[in-house]
Amino acid sequence: MNKTNITLKQGMIALVITVAALIVGFGLPSWQFLITVALAKGLVALGVVLLLRSGLASFGQGLYYCIGAYGVGMAMNYLDWRETVILLPFAAACAALLAWVLGFLLARYRDIFFAMLSLALSMIMYGLLVRNPSLGGSDGFNVHAPSFMWGAFAETLSRPGVFVLTVVLVGFVLWAMQGFLRSRAGRLGPAIKDNEIRVEYLGASAYRNIHLSYVLAAALAGLGGALSSLSIGHVDPELAFWTTSGEFIFIAVLGGTRNAYAPFLGALSLELIRTLAYQYAPNTWQIVMGVSMLALIVFLPGGLISILNRRNAAATSNDSSSPTGARS
Numbered sequence: 001m002n003k004t005n006i007t008l009k010q011g012m013i014a015l016v017i018t019v020a021a022l023i024v025g026f027g028l029p030s031w032q033f034l035i036t037v038a039l040a041k042g043l044v045a046l047g048v049v050l051l052l053r054s055g056l057a058s059f060g061q062g063l064y065y066c067i068g069a070y071g072v073g074m075a076m077n078y079l080d081w082r083e084t085v086i087l088l089p090f091a092a093a094c095a096a097l098l099a100w101v102l103g104f105l106l107a108r109y110r111d112i113f114f115a116m117l118s119l120a121l122s123m124i125m126y127g128l129l130v131r132n133p134s135l136g137g138s139d140g141f142n143v144h145a146p147s148f149m150w151g152a153f154a155e156t157l158s159r160p161g162v163f164v165l166t167v168v169l170v171g172f173v174l175w176a177m178q179g180f181l182r183s184r185a186g187r188l189g190p191a192i193k194d195n196e197i198r199v200e201y202l203g204a205s206a207y208r209n210i211h212l213s214y215v216l217a218a219a220l221a222g223l224g225g226a227l228s229s230l231s232i233g234h235v236d237p238e239l240a241f242w243t244t245s246g247e248f249i250f251i252a253v254l255g256g257t258r259n260a261y262a263p264f265l266g267a268l269s270l271e272l273i274r275t276l277a278y279q280y281a282p283n284t285w286q287i288v289m290g291v292s293m294l295a296l297i298v299f300l301p302g303g304l305i306s307i308l309n310r311r312n313a314a315a316t317s318n319d320s321s322s323p324t325g326a327r328s
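No gaps in the numbering here: position 293 of the sequence shown is 293 in our numbering, and each next residue is one more.
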């Protein structure tokens, strides 16, 4: 299968997922907020997957998630920017710019050193925001409803509008990131994880590739933070706290790291289990959620996406062993 056919196939898969999410959201309006928040977190987890594929665990993606969310809120309050078409790229660009600067330092480290440095940077941002009364301190501040296409469709973008925007945007990101993972830069990640020295001997730069992945992961986190702030309508320093970054790591591990779809599957599963556990076991929902997550990790160590991979492998095995699939 050539590159064009693969690109078209991935585009069709992303389109089917987008349409399915829209149908579920409008068929079950009460789920729109859950899906929106889950997809926003899935964007951040997708960036975490990029780094995990290179053998790096970032416990500081909450920093860029927070930058994206606060960037939208501050642009609205101080610059009077209301247009979503401007706010979302602005949030992603702010996060990517900061990551580009910090990446010159972080890309030199590996293993626990990378994880701890990323965590420290995120906690520095948390401390700065908590002690900044002009940004609401520990309480944060509210984010107003934005406009879309300069009011061509509606004066402000409602929550269903944010839902549609998020689903469509995530569908495009899925298609683009699947292409990136199949590109030379995307394939270098697992190679760096397996043997970084051999990658260098073959003429590729592990440092540059990790720096690129780190910036791209930050841009995805900034975009996720922006969408989350528009959906929730509020931002606070907890977005940069270590527990938020840990949740993104957990989502990435829960979904799997084989492709771009896995983090979103993990995010949706986590939000669904959390919501149902809180609804039906309000006094013990943390225990129910913990047991459920533990069971998933124990029985599916490759992540939820491994279920689909097993089915595909079984189908391929059956086709090759059947008489019609055998060579004459």
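To be clear, the hints were calculated from the coordinates, so they are not data collected in a lab. Certain hints may be false.
With beta-carbon atoms standing in for the labels, derived distance ranges [to be verified]:
no., residue 1, residue 2, range
1, A185, V16, 23 to 31 Å
2, A120, I287, 25 to 33 Å
3, A120, I297, 23 to 31 Å
4, M12, Y109, 38 to 46 Å
5, V16, R131, 43 to 51 Å
6, L79, R258, 35 to 43 Å
7, R258, V16, 26 to 34 Å
8, N283, S30, 18 to 26 Å
Ideal Cβ placement from N, Cα and C applies to all residues, glycine included.
Verification of the hints:
Here the CB-CB span from A185 to V16 is close to 27 Å, well matched to the stated 23 to 31 Å. Range check, A120 to I287: Cβ separation about 31 Å, and the 25 to 33 Å hint holds. Between A120 and I297 the C-beta distance comes to about 27 Å, which sits within the given range of 23 to 31 Å. Range check, M12 to Y109: Cβ separation about 40 Å, and the 38 to 46 Å hint holds.
For V16 paired with R131, a C-beta distance near 47 Å keeps the hint of 43 to 51 Å intact. Separated by about 41 Å at the C-beta atoms, L79 and R258 satisfy the suggested range of 35 to 43 Å. For the pair R258 and V16, the supplied restraint of 26 to 34 Å is violated, since their beta-carbon distance comes to about 19 Å. As the Cβ distance of N283 to S30 is approximately 23 Å, the hint placing it in 18 to 26 Å holds.
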